[in-house]
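Q: Sequence:
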Amino acid sequence: MNKSLLYVVSLVIVGLLIGGCATTGRVDPDLVRMEIEAIFADYSAAANAEDTDAWIALWDVDGIQMPPGAPAVVGRDAIYQRVRPVHQMMDLEGFSITVEEVEAAGPWAYARGVYTVSMTPKAGGATNRINGKYLTVFRRQPDGSLRIYRDCFNPS
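Just so you know, we're using my numbering here: the sequence shown kicks off at 1 and counts up by one.
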């Protein structure tokens, strides 16, 4: 084998070995959990205030919401259009989210847990208390923040 070719092949192999051993930005699970809990605190506050604009700001532009018994809602704009009428027609109270599990790797994280909310029609009627469970995937944004990327939830 030609000496210069052997040299180039050796450099490529060493580069691959070094690159393969490098860490790719370790994720501190405690920090990610705190970040997700803060997102869900903002999510709950916006829902309780029926502030659709603040609520939708927590979503990735490519977000998908998977509500129970309904087709997936694809894209932040479509999610806004689905949720806005709910905020206009219902009084939401006591919306709270409990995080039971968080995992993270690279730009991705997910949270699993439970939620509660009371919904009363603004036009009058009985209050419906919902206890449910969720699985939410987050994607890290170019600015370093996490946003809701996928959200699946249903009553327990």
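Quick caveat, the hints were computed from the structure, so don't treat them as lab data.
Among these hints, one or two may not hold up.
Unchecked claim - Pairs of lysine to aspartate or glutamate residues, derived as EDC-like cross-links and limited to a Cα-Cα distance of at most 16 Å, are as follows: (1) K133 / E100; (2) K122 / E50; (3) K133 / E101; (4) K122 / E93; (5) K122 / E100; (6) K122 / D151.
If you're wondering where the values come from, they're calculated on a predicted model, not measured in any experiment.
Q: Next step is simple, just say for each hint if it's right about the structure.
A: Comparing the hints with the structure gives:
no. : hint        : result
1   : K133 / E100 : holds, 10 Å
2   : K122 / E50  : holds, 12 Å
3   : K133 / E101 : holds, 12 Å
4   : K122 / E93  : holds, 12 Å
5   : K122 / E100 : violated, 32 Å
6   : K122 / D151 : violated, 26 Å
In this structure, the earlier hints numbered 5, 6 are contradicted, and the remaining ones agree with it.
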